[in-house]
Amino acid sequence: MVNMMKFTGTKKYVATRELEMAVNAAIALERPLLIKGEPGTGKTMLAIEVADALKRPLIQWHVKSTSKAQQGLYEYDAVSRLRDSQLGDDRVQDIEHYIKKGPLWEAFSSEEPAVVLIDEIDKADIEFPNDLLRELDRMEFFVYETQKLVRAKHRPTIIITSNNEKELPDAFLRRCFFHYISFPNKETMQEIVGVHFPKLKKTLLQEALTSFFEIREVPGIKKKPSTSELLDWLKLLLAEDIPLEALRAKDNKKIIPPLHGALIKNEQDVHLFERLVFLSKRTN
Amino acid sequence: MSRTCIFSSDLFFYLKEQTKKPTDVLTDFFLQIRGNGVPASIKEYLTLLEAMAHNLAECSIDDFYQIARITLVKNETHYDRFDKAFSSYFDGIESIPDEVFGEIPKNWVEKLKQLDLTDEEKKEIQALGGWEKLMETLKKRLEEQKKRHQGGSKWIGTAGTSPFGAYGFNPAGVRIGQSGSRGRSAVKVWDKREFRNLDDNVEIGTRNIKVALKRLRRFARVGAADQFDLDGTVNSTARNAGYLNIKMIPERRNAVKVLLFFDVGGSMEDYVRICEELFSAAKTEFKHLEYYYFHNFVYESVWKDSRRRGSERTPMMEVLNKYGQDYKLIFVGDATMSPYEIMYPGGSVEHFNEEAGSEWLKRMLDVYSKVAWLNPTPTERWGYYESIGIIKKLLNNRMYSLTLGGLDSAIKNLVR
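Chains as they are written, first to last, in the working numbering: chain A, 1 to 284; chain B, 285 to 700.
These aren't lab readings, by the way, just hints derived from the structure by calculation.
Errors might be hidden in some of the hints.
[What the hints assert, rightly or not] Under the rule of at most 27 Å between Cα atoms (straight-line distance), these lysine-lysine pairs were calculated in the BS3-like manner:
#  : chain 1 : residue 1 : chain 2 : residue 2
1  : A       : K36       : B       : K567
2  : A       : K166      : B       : K571
3  : B       : K368      : A       : K36
4  : B       : K567      : A       : K68
5  : A       : K186      : B       : K368
6  : A       : K223      : B       : K567
7  : A       : K123      : B       : K498
8  : A       : K12       : A       : K235
9  : A       : K223      : B       : K571
10 : A       : K123      : B       : K571
11 : A       : K222      : B       : K567
12 : B       : K567      : A       : K224
13 : B       : K567      : A       : K64
14 : B       : K531      : A       : K101
15 : B       : K588      : A       : K265
16 : B       : K646      : B       : K677
17 : A       : K123      : B       : K567
18 : B       : K541      : A       : K68
19 : A       : K166      : B       : K498
20 : A       : K101      : A       : K55
21 : B       : K498      : A       : K64
22 : B       : K494      : A       : K222
23 : B       : K327      : A       : K6
24 : B       : K567      : A       : K166
Bound conformation, chain A alone (with noise of 0.2 Å):
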């Protein structure tokens, strides 16, 4: 075995040692991993991190819900070839010239090993991942235009990700890895902060996480606010250089933190939290 490469996070991102675990696994395998988690936990900031942390070329594949499967591998552009046709132009005796290399193609013909980045896997219709079965655990597929079989230089580093729109079909699940990234703990997001906002001061970190997570407590909240939702609110304070005390006031009106609205996305639950804000001053 080539010396292995091992994935231990990066300076823009910190991974837990569980999911450095997936990813290794995923990597010394010649696997796919799946990684599920709530919104905003970094799922596809993943991939984007491993191919810069193992210096691997980095090839996304965005799936939406009129995405099929052959499009990762290529597309036959059937309308090129008779305009040229009908231009007379030479390139039509080569149907090779009409075949669009999709994703997977591109990552298995790469002279290094890949990432690939499958994200979103449960946009596409309920049959796409079936479709997909061959193409991951044999890294090949066959050109039917063409009559030629593509495989895999080097087993690309595939990872998928997923917000459980759907459910994946077995057979898929049984060929790949599977990670679920829990939401961090508070000692963990302070870990991903301090690598965000190195200058961010301590007191105002605290006060900050304090007062993101007791809204996270909120019982039925809709939309809990997430990581990325953290780190976004932490750069409008910094920006609007909001003082401390604003963060503290827990007694006075303003015990909406400032600038709630990078936090909870949603109206109802903007009225809810209000609503419970109003309760406890007339309990006080």
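Assemble chain B onto chain A, guided by the hints.
Same frame as chain A, now just chain B:
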């Protein structure tokens, strides 16, 4: 600093059952995981063995826990079951350093000999009296040491400056296990059971429901022609003596229309979860999906928002007039009530209904010919409720259990 783990994966199998081969122990472990309801397959088990062969889990039982979980468990709702199984199988293993040390298994020593040391480090080992001496000291200290130890400069444990133990600052350091990293305390992860809330124990999942509902698809191309029609273009271009003649067609959409009626409250509370799943699956599957709620049985009005069921009701006649007969009608309810609620005026438990529920059901059946009633009550209990029999008769037997099999036959009937 070059270190090798002597807390190898072989170790705890060696410790678990000295007479068994590591693979036997692993197989037992795998069977126990499966027995606890984690649907891991042989392929996944082989992957785990492969991962072990790659030395991905050689340093500690924590690592083994992680690697086993990422290979065997593919759904976060099963994490808790896995944790429980793991905990019961490997109970006591984490306390190895306290109990079993005293004699160093031969294969450890073999492993240690393969330590990849630089010349400088070798010199330092020499300074400590050479390799043999070092191993002897290790053995001696293991014998002396009765308790797990942390810090300090002599005992074996973690974070010390003794040559033995993880994170040691001695270049000849030998790492024994590595517990706790990045804010994770020494508490065993699997004993914390952090994922307890995620275990749902549903057998009929959203995906299964969707696959079943898929049969109800009837694709039709209606609307604006906005998609390129390759076959049509090739065909018409050929007819056009080779001059390009582009054809467009509308996108294929599921044209099936579904009208769903959900029984809510009362005895349906037990089945909330499965109904939610059915609803969420149906909502994404059908473009034309209309739904209403009722309590126990359908009368002159239904509602769309349970919180405002008192004020915002839709008269049944309006529903019947609004949605044409091409809609397929699906009821979801347990159909367990007093027969009065169906057969007599004023029988409703909530209000005074001027006409019997059965009349309203008949009116609905007059409009919609494709009907199914999905009942979450287990089929074997259907015989105990008279109301189920009555409704079944009213519907010409088109009542199905809300299981995958039942859903399947319901759908077959709806598309016929």
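Verification of the hints:
Under the criterion of a C-alpha separation no larger than 27 Å, the hint pairing K36(A) with K567(B) is consistent with the structure, at around 23 Å. Distance restraint check for K166(A) and K571(B): the Cα-Cα separation of roughly 17 Å lies within the 27 Å cut-off, and the hinted pair is therefore satisfied. About 21 Å separates the Cα atoms of K368(B) and K36(A), which keeps this hinted pair within 27 Å; it holds. With a C-alpha separation of about 22 Å, the suggested pair K567(B) and K68(A) falls inside the 27 Å cut-off, and the hint holds.
Distance restraint check for K186(A) and K368(B): the Cα-Cα separation of roughly 26 Å lies within the 27 Å cut-off, and the hinted pair is therefore satisfied. Restraint check: the Cα-Cα separation between K223(A) and K567(B) comes to about 20 Å, which is no more than 27 Å; the hinted pair holds. A distance of roughly 17 Å separates the Cα atoms of K123(A) and K498(B); the hinted pair therefore holds under the 27 Å criterion. Distance hint between K12(A) and K235(A) is fulfilled; the C-alpha atoms sit about 15 Å from each other, no more than 27 Å.
Under the criterion of a C-alpha separation no larger than 27 Å, the hint pairing K223(A) with K571(B) is consistent with the structure, at around 25 Å. Of the pairs offered as hints, the one joining K123(A) and K571(B) holds, with about 16 Å between alpha carbons and a cut-off of 27 Å not exceeded. Pair hint K222(A) plus K567(B) holds up; C-alpha atoms about 19 Å apart against a cutoff of 27 Å. Restraint check for K567(B) and K224(A): the C-alpha separation of about 24 Å stays at or below 27 Å, so the hint holds.
Simply put, K567(B) and K64(A) have alpha-carbon atoms about 18 Å apart, close enough for the 27 Å limit, and the pair holds. Between the alpha carbons of K531(B) and K101(A) the distance comes to roughly 25 Å, so the proposed pair stays at or under 27 Å and holds. Taking the CA atoms of K588(B) and K265(A), the gap is near 26 Å; set against the 27 Å cutoff, the hint holds. For the suggested pair K646(B) and K677(B), the alpha carbons sit about 11 Å apart, so the restraint of at most 27 Å is met.
Proposed proximity of K123(A) and K567(B) is supported: the alpha carbons are some 15 Å apart, at most 27 Å. Restraint check: the Cα-Cα separation between K541(B) and K68(A) comes to about 25 Å, which is no more than 27 Å; the hinted pair holds. Our distance criterion of 27 Å between C-alpha atoms is met by K166(A) and K498(B), whose separation comes to about 14 Å. Under the criterion of a C-alpha separation no larger than 27 Å, the hint pairing K101(A) with K55(A) is consistent with the structure, at around 23 Å.
Under the criterion of a C-alpha separation no larger than 27 Å, the hint pairing K498(B) with K64(A) is consistent with the structure, at around 19 Å. Between K494(B) and K222(A), the direct Cα distance comes to roughly 25 Å. Compliance with the 27 Å bound is thereby established for this hinted pair. Taken as a hint, the K327(B) and K6(A) pair is honoured in the structure, with Cα atoms around 25 Å apart against an allowance of 27 Å. Of the pairs offered as hints, the one joining K567(B) and K166(A) holds, with about 12 Å between alpha carbons and a cut-off of 27 Å not exceeded.
Of the numbered hints given earlier, the model fails none.
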